[in-house]
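Trainee: Chains as they are written, first to last, in my numbering: chain V, 4 to 375; chain W, 235 to 557.
Just so you know, the hints here were simulated from the structure itself, not pulled from any lab data.
Glycine is no exception: its CB is placed at the ideal position from the N, C-alpha and C atoms.
Misleading hints may appear alongside valid ones.
[Unchecked claim] Here chain W is said to cover these stretches of chain V; the calculated rule only asks that three of the stretch's residues, wherever they fall, bring their Cβ under 8 Å from a Cβ of chain W:
no., stretch
1, 137-148
2, 256-267
3, 289-303
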Amino acid sequence: MDVMPKWAEVILVPLISLLLAAILSALVILAIGEDPVAAVKLMVTGALGSTYGWGYTLYYATNFMFTGLAVAIAFHARLFNIGGEGQAMLGGLGVALACLYIPWPHWTLALLGAIVMAALFGAFWAAIPAWLQAKRGSHIVITTIMFNFIAASLLNYVLVNLLRPKGQMDPATARFPDVVHLPTLHELLAPFGIAFSKSAPANVSLLVAVLACFLLWVLIWRTRLGYEIRAYGHSESAAKYAGISPTRIIMITMIISGALAGMMAINNVMGEAERLVLNSTEGAGFIGIAVALMGRSHPLGVFIAAILFGFLYQGGAELALWTSIPRELIVVIQALVILFTGALDNMVRMPLEKIFLARRRRQAPKPERKEA
Amino acid sequence: MDAYLTLIQLLDSTVRLATPLLLACLAGLYSERAGIFDIGLEGKMLAAAFFSAAVASLTGSVWVGLAAGIGASLALSALHGVASITFRGNQLISGVAINFLAAGMTVLIAQDWFRQGGRTPSLMGGARFEGITLPLADTLEPVPIIGPLYAELISGHSVLVYLAFATVPFTWWLLFRTRFGLRLRAVGENPAAVDTAGVSVVGLRYAAVAICGVLCGIAGAYLSTALQAGFVKDMSAGRGFIALAALIFAKWRPWYALWATLLFGLFGALETRPDVIEAAIGLKVQGQLLGALPYLMTVIILAGFVGKAIPPRAGGEPYVKER
Numbered sequence: 004m005d006v007m008p009k010w011a012e013v014i015l016v017p018l019i020s021l022l023l024a025a026i027l028s029a030l031v032i033l034a035i036g037e038d039p040v041a042a043v044k045l046m047v048t049g050a051l052g053s054t055y056g057w058g059y060t061l062y063y064a065t066n067f068m069f070t071g072l073a074v075a076i077a078f079h080a081r082l083f084n085i086g087g088e089g090q091a092m093l094g095g096l097g098v099a100l101a102c103l104y105i106p107w108p109h110w111t112l113a114l115l116g117a118i119v120m121a122a123l124f125g126a127f128w129a130a131i132p133a134w135l136q137a138k139r140g141s142h143i144v145i146t147t148i149m150f151n152f153i154a155a156s157l158l159n160y161v162l163v164n165l166l167r168p169k170g171q172m173d174p175a176t177a178r179f180p181d182v183v184h185l186p187t188l189h190e191l192l193a194p195f196g197i198a199f200s201k202s203a204p205a206n207v208s209l210l211v212a213v214l215a216c217f218l219l220w221v222l223i224w225r226t227r228l229g230y231e232i233r234a235y236g237h238s239e240s241a242a243k244y245a246g247i248s249p250t251r252i253i254m255i256t257m258i259i260s261g262a263l264a265g266m267m268a269i270n271n272v273m274g275e276a277e278r279l280v281l282n283s284t285e286g287a288g289f290i291g292i293a294v295a296l297m298g299r300s301h302p303l304g305v306f307i308a309a310i311l312f313g314f315l316y317q318g319g320a321e322l323a324l325w326t327s328i329p330r331e332l333i334v335v336i337q338a339l340v341i342l343f344t345g346a347l348d349n350m351v352r353m354p355l356e357k358i359f360l361a362r363r364r365r366q367a368p369k370p371e372r373k374e375a
Numbered sequence: 235m236d237a238y239l240t241l242i243q244l245l246d247s248t249v250r251l252a253t254p255l256l257l258a259c260l261a262g263l264y265s266e267r268a269g270i271f272d273i274g275l276e277g278k279m280l281a282a283a284f285f286s287a288a289v290a291s292l293t294g295s296v297w298v299g300l301a302a303g304i305g306a307s308l309a310l311s312a313l314h315g316v317a318s319i320t321f322r323g324n325q326l327i328s329g330v331a332i333n334f335l336a337a338g339m340t341v342l343i344a345q346d347w348f349r350q351g352g353r354t355p356s357l358m359g360g361a362r363f364e365g366i367t368l369p370l371a372d373t374l375e376p377v378p379i380i381g382p383l384y385a386e387l388i389s390g391h392s393v394l395v396y397l398a399f400a401t402v403p404f405t406w407w408l409l410f411r412t413r414f415g416l417r418l419r420a421v422g423e424n425p426a427a428v429d430t431a432g433v434s435v436v437g438l439r440y441a442a443v444a445i446c447g448v449l450c451g452i453a454g455a456y457l458s459t460a461l462q463a464g465f466v467k468d469m470s471a472g473r474g475f476i477a478l479a480a481l482i483f484a485k486w487r488p489w490y491a492l493w494a495t496l497l498f499g500l501f502g503a504l505e506t507r508p509d510v511i512e513a514a515i516g517l518k519v520q521g522q523l524l525g526a527l528p529y530l531m532t533v534i535i536l537a538g539f540v541g542k543a544i545p546p547r548a549g550g551e552p553y554v555k556e557r
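Working from the sequences, and respecting the hints, build out all of it.
Mentor: In structure tokens, the structure reads:
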């Protein structure tokens, strides 16, 4: 039986973890001689005070939704996919190939094609570590870390030697044709008479990301496969006993995970840069870990956490612009969120469980003890 | 003779590049042999690199800098210990957090202290580890074959390089010839048995994590005060992960760790000398391939196609006494 009521488990524990991370972040800002209250105000106006700020916040959030979902689905099968970064890089390669070499008649078809290519490339990059885990017992955390580096080298090679147009210095592909340009929120909202910033990069991929959140929720909690994934995550031996094949679950889960991470590329490569550059992912694959941990691996939680991290990213950029606080403050906050919601989870949970146990004992003076 | 000198130069830079890998790899060896996975080697090296360079530049003494670097690395080790031993958290997630914490904090503090865009001032004189000329190096230099070998390759490194290489036999002796070593290995294989024998599992694991912190500290200090003269943002550049790869490649053994890190160091040295490879094998090898080679080889080893790498059995699992 659970010690804590569900609301405490779902809301109280993450909230306290976040609070601890926020307090420590504020102390860090104080320690470098800046005012935390002013910093938060600047971040809020910078990230949420204008449609321009919102455009960037939502653009970052779209990236983090994809990578956060990728880590979350793997967590449900008790697999830790640190390879989101590499999978997203490969997804970028898939999107670039789709956009450069297929003559699309319209952006809608191009988007569908790019989603398929991004998902295929990302899934492929996750499937190899998955197969090695399922069949050869190689630890998936180590192999996915290695695959991040291999992906970086591979992409470097492909961009420098194969995809770079002749006479161009920087390692990047040519600009994608105009027809695959994805409509930005400005273009999408204009017909409804809503004025949205023209220069912000948020685009139609946001809707794809939200749809992905919903579909993943259906998959995890409303389908047989989702049940099998969760069962495997809770107990491998019980799942085996129930006739669930570990190899099948590991492969399917990681393929979905890699596909989601790869699909991030429709936002940053197709939607924003409109060409593939080196380091296009900018660490979003790793932020997915923080987002999934904060969102408790629930698609709705991932959605909320992704928007929060989008806000932090855009707010952090504004801070770096207007104060002497470098952008790396966001990396520190990200580390603290991972630390408190992930690694130090028990530090928050243990005292809370004691409090709830004590309260329950007081309410029921003579408890019947069923379990030894 | 020219080819020979090129070879000596290549091996010389191999030794320089292998040293931080070796120290970090041995650091990981202690931790993982005791059952604590550590993917935070990278972060600890980075933090140590910054604090040793920063303190060395402020005090002018590289030794004070080294102490500060070790201190910073130990602090992160303590955090890892609290999260993964005391609170039985996920060791991998804790390692990820430590990597990000170091990546962010070093730039933040560097900017606050020096205002040079996340770097420290260049270190000079006593604030750096200089190469040591071993006895007779200058006298022996004219002797063919042995002369350059001794003067260029063996002599002329900083004290930390010699320390790193001496750590290999010491680690072997400590782990395989002492009672402490036996217990440390046992706690990574079967902590319950160690507990039954009346030895503290928690104490041993903290000791292993602390040794790991010290070695990562030296590795980081080497990066910023010996290999280079000062700290720059993200200067560990994935070395912590290459060390982790080397550790698996070495199957968690100290002598193998030496060979693995020397091999990966050689890849690093070759990456900067594509002309040498072309002259040696007559083929143009892409630099990106050499960069990825340590990771590729580790994946192949992990897959068990060439020998099998079996990690310590209790690795990654928090020890729960009451059952």
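Trainee: Could you run down the list of hints and mark each one as holding or not?
Mentor: Now the hints, each set against the structure:
1. For the stretch 137-148 of chain V, the assignment as covered by chain W holds, since 8 residues bring a beta-carbon within under 8 Å of that chain's beta-carbons and 3 suffice.
2. Under the rule that three or more residues need a Cβ within less than 8 Å of chain W, the assignment of the stretch 256-267 of chain V is violated, with 0 such residues.
3. Proximity of the stretch 289-303 of chain V to chain W, defined as three or more residues with a beta carbon under 8 Å from a beta carbon of that chain, is established by the 3 residues found.
Going down the numbered hints, you'll see the structure goes against just number 2.
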